[in-house]
Amino acid sequence: MRKLVAGAIPLLAALVAFLIGALMLVAIGASPWEGLKALVDGAFGDTNALAVTAVKATPLLLVGAGITIAFRASVINIGGEGQIVAGALLSTMVALLVPDLPAILLVPLVLIAGLIGGGIAGAIPGALKAYASVNEILSTIMLNLVMVQLMNYLLRGPLIDPLEVEAGTRIPQTERLSDNAALPTLIEGTRLHLGVVIALLAAVAAYVLLWRTPLGFRLRAVGHSPEAAKAAGIKVKQSTTAALAISGSLGGLAGAILVFGSEGQRMVTDGSSAGFTGSAGFNGIVAALFGGLHPLWTIPSSFLFGGLLTGATNLQRVLQVPAALAVALNGIVVVFVVSSGRVRERLEQFTSKRAELNAALKDGDS
Amino acid sequence: MNNKRKSLSIMRLLALLLSLAMVAAACGGSDDAGGGSVAESDTDLTFAIVAPSASDDLAFTQSMVDAVKALGIEPQITDGTFVVEEAASAIRGYADDGVNVVIAHGTQYGASLAEIAPDFPDTTFIWGTATDTQGLDNVFAYYPEANEGGYVNGVMAAALTNSGVIGVVGPVEAGDAVAYVNGFAKGAEAGGAEVNITYTGSFGDVALASEAAQAHLTNNADVLTGSAQMVVGAVTVATGEGVPWFGTQANQTPMGPDVVVASQVYHWEVVLEQMIEEIEGGTLGGKAYAVTLENGGLEIEYNDGFDLPDDVKAKAEETIAGIIDGSIDAGV
Amino acid sequence: MSEFLTLTVIMATIASGIRLATPYLIAALGETVGQRSGVLNLGVDGVMQLSAFFAYWTVLETQNLILGVLAALAVGLIMGLIYAVVTVSFHATQGISGIGIFLFGLGFSDLMFQRQVGTPRPIKQLQEYGIPFLSDIPQVGPALFEHNLLTYAAFLMVPIVAWVMRSTTFGMNVRAVGENPQAADSLGVSVARTRYAAILIGNTMAAIAGAALVLQLGIFQPNLTQGLGFIAIALVYFGAWRPVGVMGGALLYGLVNATVLQWKAQGIIPRSASDIAAMAPAVLTIIALVVLAGRVRPPSALTRPFTRH
Chain A
1 MRKLVAGAIP
11 LLAALVAFLI
21 GALMLVAIGA
31 SPWEGLKALV
41 DGAFGDTNAL
51 AVTAVKATPL
61 LLVGAGITIA
71 FRASVINIGG
81 EGQIVAGALL
91 STMVALLVPD
101 LPAILLVPLV
111 LIAGLIGGGI
121 AGAIPGALKA
131 YASVNEILST
141 IMLNLVMVQL
151 MNYLLRGPLI
161 DPLEVEAGTR
171 IPQTERLSDN
181 AALPTLIEGT
191 RLHLGVVIAL
201 LAAVAAYVLL
211 WRTPLGFRLR
221 AVGHSPEAAK
231 AAGIKVKQST
241 TAALAISGSL
251 GGLAGAILVF
261 GSEGQRMVTD
271 GSSAGFTGSA
281 GFNGIVAALF
291 GGLHPLWTIP
301 SSFLFGGLLT
311 GATNLQRVLQ
321 VPAALAVALN
331 GIVVVFVVSS
341 GRVRERLEQF
351 TSKRAELNAA
361 LKDGDS
Chain B
367 MNNKRKSLSI
377 MRLLALLLSL
387 AMVAAACGGS
397 DDAGGGSVAE
407 SDTDLTFAIV
417 APSASDDLAF
427 TQSMVDAVKA
437 LGIEPQITDG
447 TFVVEEAASA
457 IRGYADDGVN
467 VVIAHGTQYG
477 ASLAEIAPDF
487 PDTTFIWGTA
497 TDTQGLDNVF
507 AYYPEANEGG
517 YVNGVMAAAL
527 TNSGVIGVVG
537 PVEAGDAVAY
547 VNGFAKGAEA
557 GGAEVNITYT
567 GSFGDVALAS
577 EAAQAHLTNN
587 ADVLTGSAQM
597 VVGAVTVATG
607 EGVPWFGTQA
617 NQTPMGPDVV
627 VASQVYHWEV
637 VLEQMIEEIE
647 GGTLGGKAYA
657 VTLENGGLEI
667 EYNDGFDLPD
677 DVKAKAEETI
687 AGIIDGSIDA
697 GV
Chain C
699 MSEFLTLTVI
709 MATIASGIRL
719 ATPYLIAALG
729 ETVGQRSGVL
739 NLGVDGVMQL
749 SAFFAYWTVL
759 ETQNLILGVL
769 AALAVGLIMG
779 LIYAVVTVSF
789 HATQGISGIG
799 IFLFGLGFSD
809 LMFQRQVGTP
819 RPIKQLQEYG
829 IPFLSDIPQV
839 GPALFEHNLL
849 TYAAFLMVPI
859 VAWVMRSTTF
869 GMNVRAVGEN
879 PQAADSLGVS
889 VARTRYAAIL
899 IGNTMAAIAG
909 AALVLQLGIF
919 QPNLTQGLGF
929 IAIALVYFGA
939 WRPVGVMGGA
949 LLYGLVNATV
959 LQWKAQGIIP
969 RSASDIAAMA
979 PAVLTIIALV
989 VLAGRVRPPS
999 ALTRPFTRH
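Protein chains in written order, with this note's numbering: chain A, 1 to 366; chain B, 367 to 698; chain C, 699 to 1007.
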């Protein structure tokens, strides 16, 4: 019974959040009932909506799975945005370099390029943390800014579509990239593409890596207690670097999937990273935390978040409310749901050494 | 202990009340938005706009919303969707709803349009800014010759500067910002002025744009211009220092009533009208249209609040005429 | 170019760097206090956006700058209370609820702007005041000693915050609950109350930073901060949770930005390299930390909710 009540708390919190959302809708003269209907319809209404939600969830899941790996090694990765961009750029360059390779080779190649690009963008702050004691929150945030400028530089310079130069329009975008690199659509008539499956596999792989491989053991050991890990002969610095590199590479993979699956075969910039990523680098963190920082739980949590995002687009269109409302609503939902106990408990179960220390202290106190 | 609990729960209640109060604040005075009297439309076609920035950005997106409304049409709008995926689902959604004309107001939507348009052969998609229709026969394209108005502004700027130096604040060196800036530089240099151009690296960073304008002033510039949303920061610097400012994309006079000299304004309605005629005649697409000074789609709007010397204005009008009759080449 | 002009340019660049650094400094100082108490607030940017809007809107309607700052303060207090309730009383995960606050601030300020203002209209800006005598020093005076009141306040807050954290009971309590809440609790320090206070201070300062930004610029548009709040958080790590270090980070960031803009205006940086040059502040901040950093440990209880047993 108590469990049931505890389980209901996040739902209640979500309900209160939506109530505030409803109030806001009433305030701008729209029907909240229609709003809810549009939100749910847009997210889960039919096959197509479900497909769009799954596509939207894909980068969240990849970034989220990466976050869980970094977190287990006690590293916080806020560089998702930059890592997505890095992966997208490198995979784009590969597709421009060898556009005529057959799809069977080119598709894996661009995906690997994405992994490598993101991996480099992750390894840099990882190595800086391990070998130069530079806090990774600082370096990942700063690297996000660097990657945005690199993207702008490349897309308006070396990688720009020659037609844009010729026409004088100079939109900072690449040419339409080779169709051989396109991720195949899974269900004809929907936007569901191979990237969705890859993300699912990546989440499972993250789980296997963390709990079924020696590397995963090392990462968790370092996350648990660097001193103890060192005493046990684990190379702490290498492990920290590896954790951020792997985490980043999943973000990079998301970047490649965005270019060759979700966003129509070309990279384009509006000068910000959010314009390309849809803020997946941040939303992925939220999805991972909702999933209790467990790669497998991040799957449903990303799907729900993807649903919230696609539903909001529909809400905006059907009710003609500003996009800003959906952003504010997302924020409220996050704050309320995260305030509820159940999610907290999940997180506490999983948090590292200090939680146990606290527990030990508690035992000593009482 | 009990007291502590109590004070905490009171704080909780307080916080809840305050958050509700903030929501209530959002409700107040909300009726002045939207609405407004709209002229009767003479077409039965229904319109929808999907655009990357806010519909009242006083720049790119607003120029299209205003244009459609100027034709007496009340469009459905999905704005703030730079992310292509979201825009694509909105475009498809409007077509699904049976809207006759869907305006995809962002170059970056091109690839999605190529996928969506063939699925809706009875719907017209209007796409820009773009110079071709990707071979789709239910797509119209549109683009501005932004360099033309830039050239005219440049000529005026050169006539107004005393120091002979003009500062330009741009975002990222790409898109129609470049066309405007390069046209401006060509016009100003034709008038004998030196033009310094700064691209800040951001379309949104108002503070950087503001300091970029300051840096130009430090380096002797006494006339400023710029392109993209973040120039609001530069306009206030111009206002603070009493330095003339030239605008583009939309009439920027409200941002700097005392210093805005003139703005190049996009009147997409000029080409939209032609497209509507085509659609009603049974042609759903296949052509690209440019707004230019010649067809009236580009217009230099002067600010009555700025005391522009008559001879400078005459020079501007002369330049406009020259560009229209081809005696002046504003191309870059 | 004459030497005189060069000095003018250098001084103008420094003045510009100080202006740019101001909002970073105020927000980062506030975040420092919060983090020292063990609370990470990723919502700084959202609070700045909200307070910037409300300060702008108030000044637009009333032409009164003081009311504008007060409006921002009110926003800071409200958001601080919400964040404190959520993270301290409800034990919500700090990273995630902070992002929630950020999203809310970003969206709600945009929504309010669209409903209430629509097109960006200029407002009265903060006036610059010269400090008597000091501002009369040729060249150096105007650059260093002729700024608006919020800029002076920002730099005055550096020693004040340092003193409060080091020498007052409150400061010691904050550090205690940030390092070892159990021990602090057993000594009779209320962890919840201390963290509430620290969060309120942090959020009000974020709010003042938002006001400083918008009142310095004299105009608002949606997403005005462009992630400024996140950089401010990074600067807290840069400064190793010490106010003077945080100030160093904010100044470095602002001055590099100002220098890049100056060089772009002079054509020293070619246009083709303008994006590369725009990376400079971020890259130099990282490099500076590589060079300067010793091993600094964050507050032990950072991001850890406290449960009394």
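Simulated from the structure, these hints should not be mistaken for lab results. All residues carry an ideal CB built from backbone N, CA and C; glycine is no exception. Heads up, some of the hints might be wrong.
Unchecked claim - With beta-carbon atoms standing in for the labels, derived distance ranges:
id	chain 1	residue 1	chain 2	residue 2	range
1	A	Glu34	B	Asp408	41 to 49 Å
2	C	Ser998	A	Thr47	45 to 53 Å
3	B	Thr649	A	Asp179	27 to 35 Å
4	A	Glu34	C	Trp861	53 to 61 Å
5	A	Tyr131	B	Ala556	50 to 58 Å
What the hints assert, rightly or not - If the Cβ cut is set under 7 Å, some of the chain A residues that face chain C in the computed set are:
id	residue
6	Leu101
7	Ala103
8	Ile137
9	Val146
10	Pro214
11	Leu319
12	Gly331
Outcome of the hint check:
1. Between glutamate 34 of chain A and aspartate 408 of chain B the C-beta distance comes to about 31 Å, which lies outside the given range of 41 to 49 Å.
2. For the pair serine 998 of chain C and threonine 47 of chain A, the beta carbons lie near 51 Å from each other, so the given range of 45 to 53 Å is met.
3. Roughly 30 Å separates the CB atoms of threonine 649 of chain B and aspartate 179 of chain A, a value that falls within the hinted 27 to 35 Å.
4. Here the CB-CB span from glutamate 34 of chain A to tryptophan 861 of chain C is close to 56 Å, well matched to the stated 53 to 61 Å.
5. At roughly 56 Å, the beta-carbon separation of tyrosine 131 of chain A and alanine 556 of chain B lies within the given 50 to 58 Å, and the hint holds.
6. At its closest, the beta carbon of leucine 101 of chain A sits 30 Å from a beta carbon of chain C; the interface hint therefore is violated under the 7 Å criterion.
7. Interface hint at alanine 103 of chain A: violated, since its Cβ lies 33 Å from the closest Cβ of chain C, which is beyond the 7 Å cut-off.
8. Of the supplied interface hints, the one on isoleucine 137 of chain A holds, with its beta-carbon coming within about 5 Å of a beta-carbon of chain C, less than 7 Å.
9. Of the supplied interface hints, the one on valine 146 of chain A holds, with its beta-carbon coming within about 5 Å of a beta-carbon of chain C, less than 7 Å.
10. Annotation: proline 214 of chain A was flagged as interfacial toward chain C, and the flag is violated, the nearest CB pair being 28 Å apart, outside 7 Å.
11. Among the interface hints, the one on leucine 319 of chain A is violated; its C-beta lies about 13 Å from the nearest C-beta in chain C, farther than the 7 Å criterion.
12. Taking 7 Å as the C-beta contact cut-off toward chain C, the hint placing glycine 331 of chain A at the interface holds, the least distance being around 3 Å.
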